[in-house]
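Engineer: Each protein sequence line maps, in turn, to chains A and U. Letter by letter, the first sequence follows residues 161 to 270 in my numbering. Letter by letter, the second sequence follows residues 1418 to 1534 in my numbering.
Derived from the structure by calculation, the hints contain no laboratory data. Here a beta-carbon is modelled for each residue, glycine too, at the ideal position from N, C-alpha and C. Hints are not guaranteed to be accurate.
[To be verified] Across the chosen pairs, the derived CB separations fall in these ranges:
no. : chain 1 : residue 1 : chain 2 : residue 2 : range
1   : A       : 204       : U       : 1470      : 24 to 32 angstroms
2   : U       : 1418      : A       : 239       : 25 to 33 angstroms
3   : A       : 239       : U       : 1433      : 43 to 51 angstroms
4   : A       : 222       : U       : 1504      : 26 to 34 angstroms
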Amino acid sequence: QSALTQPPSASGSPGQSVTISCTGTSSDVGGSNYVSWYQQHPGKAPKLIISEVNKRPSGVPDRFSGSKSGNTAYLTVSGLQAEDEADYYCCSYTGTYIWMFGGGTKLTVL
Amino acid sequence: EVQLVESGGGLVQPGGSLRLSCATSGFTFSSYWMHWFRQAPGKGPVWLSRIYSDGTDTIYADSVKGRFTISRDNAKNTLYLQMDSLRADDTAVYYCVRGSYYHFDYWGQGTRVTVSS
């Protein structure tokens, strides 16, 4: 199984909004409500920021939002801040106890 | 506060073995599925294995099936990963993770495994 497809990079200026895509198939993203997003700063462990397509865990700023259309999931970061500069990974449960991650998107705050 | 602390990583020769441990605290360990992930430099996390809360069921990614064994000791609040027949492409940072079907909500800080002669 191939990893989910994410753009390798994205960027925006402080205060702007950026959307990162995550494309899979009907066997994973398209067929699953269990799509999650993770933020990872250099040298740190991934941190859950979106669960079940669009749910924000406690403590995650509401600047982060998730959505899905067909086989593609989206992470939108609104009101970009310097601390949002990080790698972002999507993840989808594919059924039969298999979870797949995307290759990651490096978000740069200009 | 939930804490997951991995240990046991290091340098090992191809064909060798390592046993990773993950000491947990701050939650009822015996109530949660636990997972192992790894992440090679510059790559995304890769799910490796899951174990049920009571340890009665395990499952593995094809890449490690037959070589790695996940286990847990609920009395010690500790998760393990026995890694045998290690190869160069097993080189990565290994993470202990609490999770379910819908997300992985707590990650350890990771332990580095390097397979090289």
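Engineer: Is the distance from the Cβ of residue 222 of chain A to the Cβ of residue 1504 of chain U consistent with 26 to 34 angstroms?
Structural biologist: violated (44 angstroms)
Engineer: Does the beta carbon distance between residue 1418 of chain U and residue 239 of chain A stay inside 25 to 33 angstroms, or does it fall outside?
Structural biologist: At roughly 28 angstroms between Cβ atoms, residue 239 of chain A and residue 1418 of chain U fall inside 25 to 33 angstroms, so the hint holds.
Engineer: I want to verify a distance hint. Is the separation of the beta carbons of residue 204 of chain A and residue 1470 of chain U within 24 to 32 angstroms?
Structural biologist: holds (27 angstroms)
Engineer: Quick check: does the Cβ-Cβ distance between residue 239 of chain A and residue 1433 of chain U fall within 43 to 51 angstroms?
Structural biologist: holds (49 angstroms)
Hint 4 alone, counting from the list given before, is not met by this structure.
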